[in-house]
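Chains A and B are the protein sequences, given in the same order. Numbering-wise, the first sequence is residues 1 to 496 according to UniProt numbering. Numbering-wise, the second sequence is residues 1 to 496 according to UniProt numbering.
Keep in mind that a hint or two might mislead.
[Said to hold, decoys possible] To spell it out: a stretch of chain A is covered by chain B in this simulated footprint if at least three of its residues, at any positions, have a beta carbon under 8 Å from a beta carbon of chain B; those stretches are:
| # | segment |
| --- | --- |
| 1 | 11-22 |
| 2 | 36-42 |
| 3 | 135-149 |
| 4 | 196-210 |
| 5 | 326-338 |
| 6 | 373-383 |
| 7 | 419-427 |
Read the hints as simulated data drawn from the structure, not as lab findings. Since this is a predicted model, take the numbers as computed values, not measurements. Don't be surprised by glycine CBs; every beta carbon is placed ideally from N, CA and C.
2 protein chains.
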Amino acid sequence: MFQDFKLVDDRPVVIQVKEYIQRLIIKGALQGDQKLPSTREMSGLLKVSRNTVIAAYEGLEEGGFAYAVPGKGSYVSALAGYLAEDSAEAEDSAGWQFDWRARMNDYAVSAVELDIMKPGIRAPKETISFTSIAPDEHLFDLGDVRRAFLDRMAIEGQVLLNYGYAKGYKPLIDYLMRYMENKGVDISGKDMLITSGFTEGFDIVLSALRPASRRGAAICENPTHHTAIKNLHLQGYQITGIPMERDGIDVEELERVLQQKSRTFDLAYLTPSYHNPTGIVMSPAKRSAVMKLMTRYGIPVIEDGFNEELRYSGAHIAPLIATAGQGNGVIYIGSFSKVLFPGLRVGWVLADRELIGYLESIKRARSIHTSTIDQSILYQYLLNGNFDKYVRKARAEYKRKYELTKACCEAYLPQAELSGDGGLHLFLTFPTGVNTRQLLDACNAQGVIFTPGDRFFIHEGEGTNTLRLGFSRVADENIKRGIRIIGEQARSFLRT
Amino acid sequence: MFQDFKLVDDRPVVIQVKEYIQRLIIKGALQGDQKLPSTREMSGLLKVSRNTVIAAYEGLEEGGFAYAVPGKGSYVSALAGYLAEDSAEAEDSAGWQFDWRARMNDYAVSAVELDIMKPGIRAPKETISFTSIAPDEHLFDLGDVRRAFLDRMAIEGQVLLNYGYAKGYKPLIDYLMRYMENKGVDISGKDMLITSGFTEGFDIVLSALRPASRRGAAICENPTHHTAIKNLHLQGYQITGIPMERDGIDVEELERVLQQKSRTFDLAYLTPSYHNPTGIVMSPAKRSAVMKLMTRYGIPVIEDGFNEELRYSGAHIAPLIATAGQGNGVIYIGSFSKVLFPGLRVGWVLADRELIGYLESIKRARSIHTSTIDQSILYQYLLNGNFDKYVRKARAEYKRKYELTKACCEAYLPQAELSGDGGLHLFLTFPTGVNTRQLLDACNAQGVIFTPGDRFFIHEGEGTNTLRLGFSRVADENIKRGIRIIGEQARSFLRT
Numbered sequence: 001m002f003q004d005f006k007l008v009d010d011r012p013v014v015i016q017v018k019e020y021i022q023r024l025i026i027k028g029a030l031q032g033d034q035k036l037p038s039t040r041e042m043s044g045l046l047k048v049s050r051n052t053v054i055a056a057y058e059g060l061e062e063g064g065f066a067y068a069v070p071g072k073g074s075y076v077s078a079l080a081g082y083l084a085e086d087s088a089e090a091e092d093s094a095g096w097q098f099d100w101r102a103r104m105n106d107y108a109v110s111a112v113e114l115d116i117m118k119p120g121i122r123a124p125k126e127t128i129s130f131t132s133i134a135p136d137e138h139l140f141d142l143g144d145v146r147r148a149f150l151d152r153m154a155i156e157g158q159v160l161l162n163y164g165y166a167k168g169y170k171p172l173i174d175y176l177m178r179y180m181e182n183k184g185v186d187i188s189g190k191d192m193l194i195t196s197g198f199t200e201g202f203d204i205v206l207s208a209l210r211p212a213s214r215r216g217a218a219i220c221e222n223p224t225h226h227t228a229i230k231n232l233h234l235q236g237y238q239i240t241g242i243p244m245e246r247d248g249i250d251v252e253e254l255e256r257v258l259q260q261k262s263r264t265f266d267l268a269y270l271t272p273s274y275h276n277p278t279g280i281v282m283s284p285a286k287r288s289a290v291m292k293l294m295t296r297y298g299i300p301v302i303e304d305g306f307n308e309e310l311r312y313s314g315a316h317i318a319p320l321i322a323t324a325g326q327g328n329g330v331i332y333i334g335s336f337s338k339v340l341f342p343g344l345r346v347g348w349v350l351a352d353r354e355l356i357g358y359l360e361s362i363k364r365a366r367s368i369h370t371s372t373i374d375q376s377i378l379y380q381y382l383l384n385g386n387f388d389k390y391v392r393k394a395r396a397e398y399k400r401k402y403e404l405t406k407a408c409c410e411a412y413l414p415q416a417e418l419s420g421d422g423g424l425h426l427f428l429t430f431p432t433g434v435n436t437r438q439l440l441d442a443c444n445a446q447g448v449i450f451t452p453g454d455r456f457f458i459h460e461g462e463g464t465n466t467l468r469l470g471f472s473r474v475a476d477e478n479i480k481r482g483i484r485i486i487g488e489q490a491r492s493f494l495r496t
Numbered sequence: 001m002f003q004d005f006k007l008v009d010d011r012p013v014v015i016q017v018k019e020y021i022q023r024l025i026i027k028g029a030l031q032g033d034q035k036l037p038s039t040r041e042m043s044g045l046l047k048v049s050r051n052t053v054i055a056a057y058e059g060l061e062e063g064g065f066a067y068a069v070p071g072k073g074s075y076v077s078a079l080a081g082y083l084a085e086d087s088a089e090a091e092d093s094a095g096w097q098f099d100w101r102a103r104m105n106d107y108a109v110s111a112v113e114l115d116i117m118k119p120g121i122r123a124p125k126e127t128i129s130f131t132s133i134a135p136d137e138h139l140f141d142l143g144d145v146r147r148a149f150l151d152r153m154a155i156e157g158q159v160l161l162n163y164g165y166a167k168g169y170k171p172l173i174d175y176l177m178r179y180m181e182n183k184g185v186d187i188s189g190k191d192m193l194i195t196s197g198f199t200e201g202f203d204i205v206l207s208a209l210r211p212a213s214r215r216g217a218a219i220c221e222n223p224t225h226h227t228a229i230k231n232l233h234l235q236g237y238q239i240t241g242i243p244m245e246r247d248g249i250d251v252e253e254l255e256r257v258l259q260q261k262s263r264t265f266d267l268a269y270l271t272p273s274y275h276n277p278t279g280i281v282m283s284p285a286k287r288s289a290v291m292k293l294m295t296r297y298g299i300p301v302i303e304d305g306f307n308e309e310l311r312y313s314g315a316h317i318a319p320l321i322a323t324a325g326q327g328n329g330v331i332y333i334g335s336f337s338k339v340l341f342p343g344l345r346v347g348w349v350l351a352d353r354e355l356i357g358y359l360e361s362i363k364r365a366r367s368i369h370t371s372t373i374d375q376s377i378l379y380q381y382l383l384n385g386n387f388d389k390y391v392r393k394a395r396a397e398y399k400r401k402y403e404l405t406k407a408c409c410e411a412y413l414p415q416a417e418l419s420g421d422g423g424l425h426l427f428l429t430f431p432t433g434v435n436t437r438q439l440l441d442a443c444n445a446q447g448v449i450f451t452p453g454d455r456f457f458i459h460e461g462e463g464t465n466t467l468r469l470g471f472s473r474v475a476d477e478n479i480k481r482g483i484r485i486i487g488e489q490a491r492s493f494l495r496t
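Between the sequences and the hints, there should be enough to build the whole structure, so can you do that?
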């Protein structure tokens with residue numbers, strides 16, 4: 001015994017010795033009330049210092065795996081329940097197999113079916129991938145993030161590590177309320193809930209709303225963010241998609257749909273700025289028109305503040321919630337995920353104060369509260385003025401890449417219609433007949449992948465001639481090479 | 001204009017100047033195409049350096065709030081949608097008021113009704129409060145947490161800040177799988193999902209299971225963790241409570257309930273170690289007996305690993321999932337929240353691999369993934385061997401407080417039956433007739449509060465003579481003084 005002990009580099013030796021012996025006890029190789037080798041002996045057997053063994057034995061005693069007999073040495077505790085072989089029911093237990101698949105409800109089954117990440121393309125490392133719209137981590141200013149963490153820990157480390165509040169970290173809420181006020185939002189009568197990113201905020205909002213009939217009815221831009229489509233479906237909503245035009249949602253079609261007497265809608269989900277996947281910014285005139293319609297038909301709007309900060313040209317445009325003034329019909333969900341750090345899971349819901357009260361209780365029931373460390377790092381980072389500095393740098397870099405990608409598309413993919421006014425991706429629409437899933441297969445064989453656009457459309461069979469190109473994490477030369485390859489493959493599709 | 005500018009201390013001056021002017025633009029005090037004062041003038045007006053104004057103007061231009069005319073100066077951009085007053089629909093919008101309460105579904109309404117934190121007692125600062133079972137933050141080793149963060153950031157900071165995986169941070173999963181193996185768990189055929197604490201894990205598991213009939217049926221210890229009761233109710237479960245005995249759940253009563261032909265149960269939720277609120281550890285014999293019954297009746301067990309590490313005496317006892325051997329019927333949910341840092345929202349679900357696959361997709365739909373920063377700090381903290389060191393310190397301190405609290409209860413509250421074998425609280429049962437809500441009112445008037453025990457019971461009217469005393473965050477002298485006061489008040493209740 002004790003021959004198979006092997007030290008690894010990256011963990012304290014005492015813990016490695018303790019866990020090694022503990023495992024022998026649990027496996028039954030060392031039995032209850034058996035005397036352990038003396039610390040001197042064990043030190044020789046494991047080739048570690050005697051002090052290490054003394055500390056490891058103490059650890060075992062504290063953990064209840066051993067006990068000391070004064071003057072005699074350390075003995076193994078008689079453990080209960082650790083060895084299935086010991087107990088009469090061992091065979092029953094080993095045979096206790098559930099068919100979990102049969103016990104999954106529709107929600108769980110749909111969650112897997114609608115989960116596009118699971119069967120995601122596993123591409124070899126050298127593949128040129130336009131699938132990601134996550135930020136380029138090389139832009140991250142790690143030093144500033146470290147400093148934000150250390151600053152905040154110095155101020156209130158003990159508070160950060162203990163329980164926080166379901167509603168969120170107060171200094172961050174105050175900061176973001178002012179931030180939204182600076183975007184022109186009238187915050188009177190409104191309040192904020194901090195969530196683990198946009199997705200949790202959206203899911204909590206959906207889970208609180210009572211649809212007018214058994215199945216909810218939602219209006220969305222078509223195409224739209226596939227996570228939104230997924231979560232609306234998971235919550236039982238039927239979705240009516242309104243086509244996109246060059247300057248945002250087709251307002252005439254929207255009005256036509258709303259006028260149908262036979263239908264009522266429970267909510268609209270809209271992404272007015274740098275819309276995912278088309279990258280289109282809704283024009284001020286359309287924003288006005290949309291808000292008028294929503295007001296007239298009494299339909300609450302969930303506004304996705306996605307990428308609002310990644311504007312590359314033109315003047316600022318107010319979010320819909322600012323346009324609504326004191327009205328309480330817009331639920332704004334914001335996040336810095338794409339602009340700053342997706343790893344910090346922080347988003348926010350800004351909405352009517354009474355509504356936030358309900359959402360707060362749901363948040364508490366679901367996950368108690370959002371990571372205080374994440375919230376406080378974000379807060380201090382913002383407070384230190386790093387955000388402005390970082391966004392300036394990131395915007396310059398992404399703008400450059402955006403223009404490069406656009407130029408490459410115009411050069412190599414003249415047959416495709418291009419959209420995207422900012423953000424981290426462009427959207428391409430090919431002549432009907434070009435199936436982008438087949439195009440993807442052909443490109444993949446050439447070492448280039450992208451996101452086929454159909455997954456952003458409400459109904460099966462729509463958008464089969466579209467694709468999304470995320471450029472944020474692709475090197476310049478690969479942007480050129482990748483788009484050239486897509487162009488070559490697309491031409492052969494157009495010929496056939 | 002520009003007279004009301006006031007600098008605050010804790011933010012970069014450039015940002016304060018930029019936001020000040022931006023707000024004037026949004027409010028309409030500065031109008032579109034109006035020329036801004038020259039940087040020299042503005043520097044004098046705001047009493048900041050000219051370089052500051054130059055940088056602030058640049059920031060406004062980048063943000064689309066101003067534009068530069070070469071040789072002439074900076075001008076205000078004409079913003080769209082920012083002023084509700086500007087637009088024709090302003091009055092409609094202001095009048096656009098939803099009655100959100102009327103749009104909340106049963107789930108949202110119940111979440112508020114069952115939310116005991118919201119109407120929680122707001123006690124003055126000098127009150128002696130036994131309501132918390134959160135750890136004492138003075139024990140936190142902030143230096144080690146800081147080091148864990150810096151170590152991990154140095155190794156892979158860019159990875160930590162970008163998107164992670166729904167399943168969790170791989171190094172942490174590997175670590176925790178080994179950790180659970182060291183508790184005797186057979187991990188073959190099992191897998192792990194990292195969640196934002198126990199609560200999210202529990203909620204995700206419940207939301208995946210398909211009950212045999214329309215309303216699910218669950219078995220719990222009675223009393224039990226009130227968050228579990230809340231979330232079971234929110235998911236539509238009817239709960240059958242099995243009374244607690246000194247060594248855990250009443251097995252005879254459990255068997256009697258299971259034998260009823262008319263009823264089937266979808267799951268059991270059990271906390272075998274340091275049960276909340278009674279603090280009782282289920283005996284090895286009962287663990288065997290319970291697992292036999294669950295196997296015989298085919299009822300999956302959700303095991304709450306709550307406080308397993310806060311053992312103050314006796315040998316280690318294996319969790320139920322270890323007792324189950326290769327069986328896949330136990331879903332173990334663990335968390336270091338109470339032992340380590342609740343602020344790090346990290347828990348884990350260890351269960352059958354196929355089941356984890358479903359839960360992973362639900363997790364992705366709900367919040368994409370758990371904070372990578374939290375997960376990586378926890379991982380590095382564990383890897384550095386800080387956990388053992390910290391638990392040793394915390395356990396010594398809590399054990400001392402536990403014994404002090406116990407001694408005080410025995411001295412001042414001889415009329416109450418005491419339970420609690422470890423953890424951060426004790427549970428008291430008074431003779432029937434002592435209503436602990438009334439007792440709480442009386443004690444509150446004397447500056448002492450605790451948690452009335454009835455909220456941990458399944459049915460209204462149960463446990464009205466019980467209370468929970470959380471001692472982890474109460475100073476020694478206050479433990480003595482507080483319990484003496486509870487004793488005095490209780491005596492007057494017993495007399496009447």
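Okay, the hints, checked on the actual structure:
1. For the segment 11-22 of chain A, the stated coverage by chain B is satisfied: 7 residues place a CB nearer than 8 Å to a CB of that chain, which reaches the threshold of 3.
2. Judged by the Cβ-Cβ criterion of 8 Å, the segment 36-42 of chain A is not covered by chain B as claimed, because only 0 of its residues qualify and three are needed.
3. Counting residues of the segment 135-149 of chain A whose C-beta lies closer than 8 Å to any C-beta of chain B gives 8; at least three are required, and the coverage claim holds.
4. Residue count for the segment 196-210 of chain A with a Cβ under 8 Å from a Cβ of chain B: 9. That meets the three needed, and the coverage hint holds.
5. Proximity of the segment 326-338 of chain A to chain B, defined as three or more residues with a beta carbon under 8 Å from a beta carbon of that chain, is established by the 4 residues found.
6. Check result for the segment 373-383 of chain A against chain B: holds, 4 residues qualifying (beta carbon to beta carbon below 8 Å, three or more required).
7. Look at the segment 419-427 of chain A against chain B: 0 of its residues bring a Cβ nearer than 8 Å to a Cβ of that chain, fewer than three, so the hint is violated.
Of the numbered hints stated above, those contradicted by the structure are hints 2 and 7, listed in ascending order.
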